[in-house]
Amino acid sequence: MNVYTAKNLSYKAGEKLILDNLNFTIEKGKSYALIGCNGSGKTTLMKILAGVELNFEGDLYFFDKKFDKSTFEKLFKEGFYKKVGYMFQDTDLQLFNLNVFDEIAFGPRQYIADEKEIEKRVFEIAKLFGIENLLQSDILVLSGGEKKKVALASILVNNPDILILDEPTNDLDPKSIRFIAKILSELKNAGKTIILSTHHFDVLLLLADFTIVVSSDHKILKIGKTEEILKDKELLVEANVIDSEFELFKNLFKGSEVSP
Amino acid sequence: MLPEFLKSQDNFTIDVEKESYVQKSIFEYLKLSQWFFKPNKSAFSKIDEWAKLIFLIWFSFLVATSQSLYFMAFSFGVIVIIALISKADLKALLISSWAFVPLLTFIIGLPYAVLTKNLITTLLQSLKTGIIIMIGEVVIYNSRIDRLFKPFSFLNGLREFSWLIELTLRNIFILINTITQILFARKTRTVGKISDKMTFIKQMVKFIGIKSMYISENTFVAMKTRGYSPKSRVCLARYKFRIGIEEAFTLLTTFLITIFERVLT
Chain A
1 MNVYTAKNLS YKAGEKLILD NLNFTIEKGK SYALIGCNGS GKTTLMKILA
51 GVELNFEGDL YFFDKKFDKS TFEKLFKEGF YKKVGYMFQD TDLQLFNLNV
101 FDEIAFGPRQ YIADEKEIEK RVFEIAKLFG IENLLQSDIL VLSGGEKKKV
151 ALASILVNNP DILILDEPTN DLDPKSIRFI AKILSELKNA GKTIILSTHH
201 FDVLLLLADF TIVVSSDHKI LKIGKTEEIL KDKELLVEAN VIDSEFELFK
251 NLFKGSEVSP
Chain B
1 MLPEFLKSQD NFTIDVEKES YVQKSIFEYL KLSQWFFKPN KSAFSKIDEW
51 AKLIFLIWFS FLVATSQSLY FMAFSFGVIV IIALISKADL KALLISSWAF
101 VPLLTFIIGL PYAVLTKNLI TTLLQSLKTG IIIMIGEVVI YNSRIDRLFK
151 PFSFLNGLRE FSWLIELTLR NIFILINTIT QILFARKTRT VGKISDKMTF
201 IKQMVKFIGI KSMYISENTF VAMKTRGYSP KSRVCLARYK FRIGIEEAFT
251 LLTTFLITIF ERVLT
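Chain order of the listed sequences is A and B.
For the first sequence, the working numbering begins at 1 and goes up steadily by one.
For the second sequence, the working numbering begins at 1 and goes up steadily by one.
Treat the hints as calculated values from the structure; they're not laboratory data.
One or more of the hints may lead you astray.
What the hints assert, rightly or not - Derived lysine-lysine pairs resembling DSS-like cross-links, with alpha carbons at most 27 angstroms apart:
id, chain 1, residue 1, chain 2, residue 2
1, B, Lys-38, A, Lys-77
2, A, Lys-30, A, Lys-233
3, A, Lys-83, A, Lys-7
4, A, Lys-28, A, Lys-83
5, A, Lys-225, A, Lys-127
6, B, Lys-87, B, Lys-41
7, A, Lys-182, A, Lys-225
8, A, Lys-219, A, Lys-66
9, A, Lys-69, B, Lys-197
10, B, Lys-202, A, Lys-147
11, B, Lys-41, A, Lys-116
12, B, Lys-202, A, Lys-120
13, A, Lys-175, B, Lys-87
14, A, Lys-127, B, Lys-41
15, B, Lys-91, A, Lys-16
16, A, Lys-12, B, Lys-91
17, A, Lys-66, A, Lys-83
18, A, Lys-30, B, Lys-7
19, A, Lys-231, A, Lys-219
20, A, Lys-69, B, Lys-91
21, A, Lys-77, B, Lys-87
22, A, Lys-120, B, Lys-197
23, A, Lys-16, B, Lys-41
24, A, Lys-65, B, Lys-41
25, A, Lys-69, A, Lys-83
26, A, Lys-16, B, Lys-38
27, A, Lys-120, B, Lys-7
28, A, Lys-74, B, Lys-197
29, A, Lys-69, B, Lys-7
30, A, Lys-147, B, Lys-7
Please construct the entire structure, taking both the sequences and the accompanying hints into account.
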């Protein structure tokens with residue numbers, strides 16, 4: 001079953017073309033990674049899928065239902081954001097409560113009446129992210145990594161089936177990246193559909209069943225299994241997600257079939 | 001290890017209510033309010049900012065002091081023509097300048113109009129407010145914000161004021177963006193219904209207050225660490241009054257509008 005189906009999806013910001021004629025499907029229970037250089041349109045695509053940006057051209061379907069400006073209000077009333085969780089790229093803009101507990105509890109408070117049940121959920125999710133000691137802390141004093149964890153926790157606490165995560169691991173240290181990737185991997189195994197954008201190949205390998213490569217001219221270069229995409233050096237260089245001049249890159253590919 | 005609730009689907013009943021008019025309007029208004037910060041390369045953007053500032057101040061003064069409905073109609077027409085020539089989003093301009101403050105001014109003035117049986121005064125008040133907001137938005141749209149208040153810095157006593165204005169203008173844009181994002185963030189984590197609206201609004205106001213202070217501090221540091229100072233002589237030396245055909249035309253237009261104000265009274 002397809003969660004999203006896009007046919008000739010394009011988006012313009014004023015005169016500037018941001019997405020150019022995209023065609024893809026997102027299958028239920030699978031995980032997808034969007035990769036591409038800065039400014040390729042990944043965030044815009046995620047905003048469209050999350051219903052935040054609806055001024056696009058072309059056709060988009062959400063579980064075979066038309067998904068556009070005219071139909072979104074109906075989907076919203078049917079509980080779209082109970083099914084879909086969206087994490088902003090800039091967590092500073094996403095967090096709007098004064099302390100961590102209120103931030104995480106905000107979602108469940110909208111549909112769970114029992115405050116004890118809410119507290120239980122908040123505590124369980126905070127424990128999962130190892131931030132239970134921060135529950136009474138002010139949001140503004142948190143570190144970048146802690147803010148990421150709070151942002152992700154505040155999305156997951158709603159238990160959405162589909163997770164749209166805009167660079168959930170950027171600005172994190174390697175340990176935290178692995179920690180977040182591990183949680184997301186468990187969620188994938190629990191049957192959640194995950195769509196994320198990332199610049200981290202480790203996250204790709206660990207998480208993504210499929211990878212969508214977006215080019216700098218805002219088109220989809222290729223959609224394929226992650227292992228296959230990662231072996232295609234020319235594709236990755238063309239998409240500007242790796243630079244063949246970097247020594248580390250050369251070493252990474254040493255001995256492999258695609259050795260430069 | 002995932003908590004149990006994440007491994008299964010929730011079966012809570014989703015109770016959705018229609019988004020209230022005020023909520024929807026504020027959201028739309030904030031989105032619309034951003035149009036005038038978009039980059040623009042119209043003919044008006046070439047006019048030096050000092051001329052535009054004089055035009056803005058004098059035009060606003062004329063509108064504020066005039067008691068003529070004809071002059072209001074004339075002023076409205078002038079702004080619409082400027083907006084059309086500069087290819088501004090006319091719909092966004094009209095909604096963002098008329099949907100809130102002038103409308104509220106009119107509603108607040110209605111009891112006075114009923115008591116004194118004088119609708120014209122109330123109407124004039126709201127028209128004046130709307131036209132001044134409109135011209136302000138059009139001038140900002142056609143200007144480089146960082147240069148708009150530079151002419152003030154030539155008057156020694158107003159240097160701090162010009163810095164404050166610059167800081168405020170930058171923060172307004174960041175804050176509008178922040179509020180819009182907060183409303184998006186809220187929407188993406190609810191199912192349409194806010195369980196406790198008053199608490200949400202109180203928290204949001206408090207959060208925006210704290211966040212605006214935080215943003216102000218950071219903007220201040222960002223500006224200062226890049227060498228910005230209102231007292232910088234280099235900064236002042238770089239700003240030169242340009243007097244050309246465009247500026248002369250702006251002053252002439254200002255003069256003609258003044259004559260029209262006298263004629264249409």
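Comparing the hints with the structure gives:
1. Lys-38/B - Lys-77/A: violated (33 angstroms)
2. Lys-30/A - Lys-233/A: At roughly 24 angstroms apart (the allowed maximum being 27 angstroms), Lys-233/A and Lys-30/A satisfy the hint.
3. Lys-83/A - Lys-7/A: holds (22 angstroms)
4. Lys-28/A - Lys-83/A: holds (12 angstroms)
5. Lys-225/A - Lys-127/A: violated (33 angstroms)
6. Lys-87/B - Lys-41/B: Cα-Cα ~9 angstroms, so holds.
7. Lys-182/A - Lys-225/A: holds (20 angstroms)
8. Lys-219/A - Lys-66/A: holds (22 angstroms)
9. Lys-69/A - Lys-197/B: holds (26 angstroms)
10. Lys-202/B - Lys-147/A: holds (22 angstroms)
11. Lys-41/B - Lys-116/A: violated (57 angstroms)
12. Lys-202/B - Lys-120/A: The hint holds at about 25 angstroms.
13. Lys-175/A - Lys-87/B: It is violated: about 51 angstroms lies between the C-alpha atoms, which goes past 27 angstroms.
14. Lys-127/A - Lys-41/B: violated (53 angstroms)
15. Lys-91/B - Lys-16/A: Given that 27 angstroms is the threshold and the Cα spacing comes to 21 angstroms, the pair holds.
16. Lys-12/A - Lys-91/B: OK: Lys-12/A and Lys-91/B at ~19 angstroms, within 27 angstroms.
17. Lys-66/A - Lys-83/A: It holds: about 16 angstroms lies between the C-alpha atoms, which stays within 27 angstroms.
18. Lys-30/A - Lys-7/B: Holds. Lys-30/A to Lys-7/B sits at ~15 angstroms (cutoff 27 angstroms).
19. Lys-231/A - Lys-219/A: Distance of about 20 angstroms is within 27 angstroms: holds.
20. Lys-69/A - Lys-91/B: Satisfied, since the Cα-Cα distance of roughly 18 angstroms is no more than 27 angstroms.
21. Lys-77/A - Lys-87/B: With Cα atoms ~37 angstroms apart, Lys-77/A and Lys-87/B exceed 27 angstroms; violated.
22. Lys-120/A - Lys-197/B: Answer holds: Lys-120/A to Lys-197/B is near 23 angstroms, not above 27 angstroms.
23. Lys-16/A - Lys-41/B: With Cα atoms ~15 angstroms apart, Lys-16/A and Lys-41/B stay inside 27 angstroms; holds.
24. Lys-65/A - Lys-41/B: violated (41 angstroms)
25. Lys-69/A - Lys-83/A: holds (18 angstroms)
26. Lys-16/A - Lys-38/B: holds (13 angstroms)
27. Lys-120/A - Lys-7/B: Answer holds: Lys-120/A to Lys-7/B is near 15 angstroms, not above 27 angstroms.
28. Lys-74/A - Lys-197/B: holds (22 angstroms)
29. Lys-69/A - Lys-7/B: The hint is violated at about 32 angstroms.
30. Lys-147/A - Lys-7/B: holds (24 angstroms)
The structure fails hints 1, 5, 11, 13, 14, 21, 24, 29 (numbered hints given earlier, in ascending order).
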